[in-house]
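Position in the sequence shown (first residue = 1) + 22 = the numbering used here.
Be aware that a few hints might be false.
Quick list of in silico lysine-lysine cross-link-like pairs, DSBU-like style, CA-CA up to 30 angstroms [claimed, not checked]:
no. : residue 1 : residue 2
1   : 24        : 103
2   : 47        : 24
3   : 306       : 98
4   : 147       : 47
5   : 306       : 357
Pairwise CB distance ranges, derived in the manner of DEER restraints [what the hints assert, rightly or not]:
no. : residue 1 : residue 2 : range
6   : 381       : 468       : 44 to 50 angstroms
7   : 147       : 23        : 14 to 20 angstroms
8   : 196       : 241       : 15 to 21 angstroms
9   : 28        : 413       : 33 to 39 angstroms
10  : 196       : 259       : 52 to 58 angstroms
11  : 36        : 487       : 39 to 45 angstroms
12  : 260       : 468       : 54 to 60 angstroms
13  : 102       : 126       : 30 to 36 angstroms
14  : 364       : 243       : 44 to 50 angstroms
15  : 482       : 381       : 38 to 44 angstroms
16  : 193       : 36        : 54 to 60 angstroms
17  : 473       : 28        : 25 to 31 angstroms
18  : 102       : 217       : 30 to 36 angstroms
Treat the hints as calculated values from the structure; they're not laboratory data.
For every residue, glycine included, the Cβ atom is placed at its ideal position computed from N, Cα and C.
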Amino acid sequence: MKWNGKMTVLLTDTASGKTESVTKKNMITEAVNDVFSSNPFGVFYDAGEARDEVRWNESFLPICPNLIGGILFFGKGLEEKADGIFAPADNLPVAYASNQANSSANVARGSLNLSESKVLENGYKFVWDFSPSQGNGRIVAAALTSSWGGQNALGSTDGAASVFLPLKSVAVGDLPATQRQMLFDAVEFDFEKEILTSITYENSSVMIRKIRIPFLTLGINEKLHEVSMRILEEETISAPDFVWNNGFFVKGDFFDGGDGAWYGFSTEGNSSGDATLHWVKISKEDRSVESGTWTLPRVCLNEKIGSRSMPGEYGARSILSVMRGGYLYVVSYDKKGIYKINANNPTDVTLINLGETTEWKSISESGSTEVYLAVVNGVIMGWDFLIDGKDQVTRIGGGVRLKEAATPLFAYRNFLVQWGGAYGSSFRTVYLLTPYLASINNLERALEKTPEKTMKVTYTLTQEE
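Let's have the full structure, built from the sequences with the hints guiding it.
What follows is the structure, given as structure tokens:
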């Protein structure tokens, strides 16, 4: 079945009544098909163990106005390819709208015109209205998105809770505490090979474990939870120069550098003077190790890069820093900025000013595991800020967005996977990342939406056999 989309944008000057419009057909991406054709971790099966679960007919269907129920506008063009289901990290939406009227104070968001939007015999007609104060900026491209993605995009002054739609949260099973901690210590997930890499540090050595976890396939003796996890490889690599342990809770973390190496960092933090940063680098190919300690002049780091417990009754981990593009991002001691530190060059350090002091809270539900920073499609997310691919900061309304979380968000198409727990109860949650691109529509000329203009968007989506 083929889908066809056509969009008309009408700008009207409120003083003169002068209008300008542009009409453009679009291409359809694989975003919606990916939802129907993928079933990671059997998320759409009823295995009888779900704590939270999305029902298709209640949440997803009909496709319009649910899986397609919003619109995103961008200040830069989008690459037109079927698998391009997310915008680049340096091209955040400038305006958007959902399948609802906007009653919030979020001026980037417009409202669905409830009287003109309607079901068609062979499709759906969306009409969105933007008042003079809403959706202002330069518009070069547009994309249909989900109803949730059109509420706040990746985050707004009104919040960011709608970014991640929990599809299912499942208890990982009756695992020993040591195996729960292995899950919480995850740094990388190879979805195609269905192998999770777990890394920690103990007794002057880096412990690397490769763990088989059913993701898209099931073995003869496996079930749809982590009781089926199998340790395929377990390697201990000596790294005596790395400084990690500090009582029961450590003040460091490990990261996938995305450059063929894993990195570990730790610090005690400092309120003044020069920061001390301990580091270790492990080659994925030959397991060679480099390590050392850097002194960073006039840098004041948060007291912890991350936190985790030694294997115990509950298992714990707090993610307080992230890596992106070869750089470590760590909050400053005064919570007014984020330090960007080159993982291979201690002289390459910059401070990203957040504009105002961050509240610095966990974006996940409280428990024995927490996540304060996450990277999603190259965008760094904190409690009340976003850092795009060019290190530009957008302040947003703070809020909890994730279930109990101990690991990075591992992305597969428009799905995200994460493990976490709360004092003995451990869960694996699969999310739908909602601000996807269901269509791509690059305008032939840029439009300037200003406070002197209203904007009306008519988007018709039809299907043919």
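Tell me, which hint numbers fail for this structure?
-> 3, 5, 6 and 10
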